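Visitor: Here are the chains, one letter per residue:
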Amino acid sequence: MPLIMGMSVLLACQFAGELLARGLAMPVPGPVLGMVILLVGLIVRGQVPASLRQTGEGLLRYLTLLFVPAGVGLMVHARLIGMDLVPIGVTLVGSTALTLAVTGWVLQRSQRRRSARGEP
Amino acid sequence: MNVVPLDQLWVYLSGHPLLSLLVTLLAFLVAVRINRALGGTPLVHPVTLAIALLIGFLLLADIEYATYFEGAQFIHFLLGPATVALAIPLYDHRERIRRLLWPLLLACGVGIVTAVGSTLGLAMLMGAQPETLLTLAPRSVTSPIAMGIAEQIGGIPSLAAGLVLLTGSIGCALGPGIFRLLGIRDPAVQGFTLGLAAHGFGTAHAFARIGAVAGAFSGLAMGVTGLLTAFLLPLIVTLFGL
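These protein sequence lines are chains V and A, in that order. Sequential numbering from 1 applies to the first sequence in the working numbering. Sequential numbering from 1 applies to the second sequence in the working numbering.
Derived from the structure by calculation, the hints contain no laboratory data. Heads up, some of the hints might be wrong.
Stated by the list, open to error - Computed footprint of chain V on chain A; a stretch qualifies when at least three of its residues, placed anywhere within it, have a C-beta under 8 Å from a C-beta of chain V: (1) 7–16; (2) 58–72; (3) 86–94; (4) 123–132; (5) 166–175; (6) 232–241.
Stated by the list, open to error - For each label pair, taking beta carbons as the anchor points, the in silico distance ranges come out as: (7) A:ASP62 - V:ARG112: 54 to 62 Å; (8) A:ALA61 - V:ALA12: 32 to 40 Å; (9) A:VAL11 - V:ALA50: 23 to 31 Å; (10) V:GLY58 - A:ARG94: 17 to 25 Å.
All of these numbers come straight from a predicted model, not from anything done at the bench. We treat Cβ as the ideally placed atom computed from N, Cα and C, and that holds for glycine.
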């Protein structure tokens, strides 16, 4: 029953993350904290159990599909978006392009400088 | 044999979770096929296409989003455990992440300031309304975090979630071109950049198109960006005098 084992571990981590986020009133979603919890657990354990890997990688392979239901929710906001269509469109495209370019450039530069200095 | 009239059958089906689930999967399959037929172009992302197909279907069939979501929530729910599962590729690539820790943190800080600063600046220049402005501000982080932030600074949470998704698909469409332009070939850098600028969408794209290393770095960027933005954004918004 590797699927059930793996899913239980994932859900338990999400549950713990959810409790932590609510309990400490943090502005961070439970699953993100759950990810941190699982990562700490894996580091402590020193390996990924086969059951967890099977379930986790299966879910990650179809990650794009999981965004579809929330995305369809855009139809509810069609009117709101229509009112500010040009500013929203220009801002989204322009700012996303700039963010991609700046982040990629900074990371590539700083990574190269690091390897050029001969650091491990 | 008694045959039930078609319209009666439709009333039953259209309110049933089964239909929403089935059309979601079918729309995704069709979208992936169309994308493949177009040579896998990033300009028509399968997710964006699937969403467009579904919105068209719901409008044609006159089904409300709330009714649709009752069925589709079973797929939506899996986003939670899938986010947790991102810890697995992170663990697999922990050595590489540890080596690159400082460049990654630097890129993350610069990226967040660029994302929020350029969003607010551009939207102000274009004359967006204050409420739209505050809703746009958190658009580059994953939707649950963005909704929380939008609420905190005075935007519209549910619209924020929609803008986050648009950002994600735009990021996936623009990414490959920008990487080619800047000569970025390292999958780790590509993944991290996509995760920062296009959150979960970018991460999913990195996994599906670039590979496991890119996916791991993308998940890392998404998580850290979400966490840092939640703390940084209220400060940046105050700087802009909003």
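Visitor: When I compare C-beta atoms, does the region 123–132 of chain A have three or more residues closer than 8 Å to chain V?
Guide: holds (count 6)
Visitor: Taking 8 Å as the C-beta cutoff, is the stated coverage of the region 166–175 of chain A by chain V satisfied by three or more residues?
Guide: Held - the region 166–175 of chain A has 7 residues with a Cβ nearer than 8 Å to chain V, which meets the minimum of three.
Visitor: Does the Cβ-Cβ separation between VAL11 (chain A) and ALA50 (chain V) fall within 23 to 31 Å?
Guide: 47 Å, violated
Visitor: Checking C-beta pairs, does the region 86–94 of chain A have three or more residues closer than 8 Å to chain V?
Guide: holds (count 8)
Visitor: Taking a Cβ-to-Cβ distance below 8 Å as contact, does the region 58–72 of chain A have at least three residues touching chain V?
Guide: With 6 residues closer than 8 Å to chain V, the region 58–72 of chain A meets the three-residue bar; holds.
Visitor: Within the assertion that chain V covers the region 7–16 of chain A, do at least three residues meet a Cβ-to-Cβ distance smaller than 8 Å?
Guide: violated (count 0)
Visitor: For the pair ALA61 (chain A) and ALA12 (chain V), does the Cβ-Cβ distance stay inside 32 to 40 Å?
Guide: 39 Å, holds
Visitor: Check the following: the C-beta atoms of GLY58 (chain V) and ARG94 (chain A) are separated by a distance inside 17 to 25 Å.
Guide: 22 Å, holds
Visitor: Would you say the C-beta atoms of ASP62 (chain A) and ARG112 (chain V) sit inside 54 to 62 Å of each other?
Guide: 56 Å, holds
Visitor: Closer than 8 Å, Cβ to Cβ, for at least three residues: run that test on the region 232–241 of chain A against chain V and report holds or violated.
Guide: violated (count 0)
In this structure, the hints that do not hold are numbers 1, 6, 9, in rising order.
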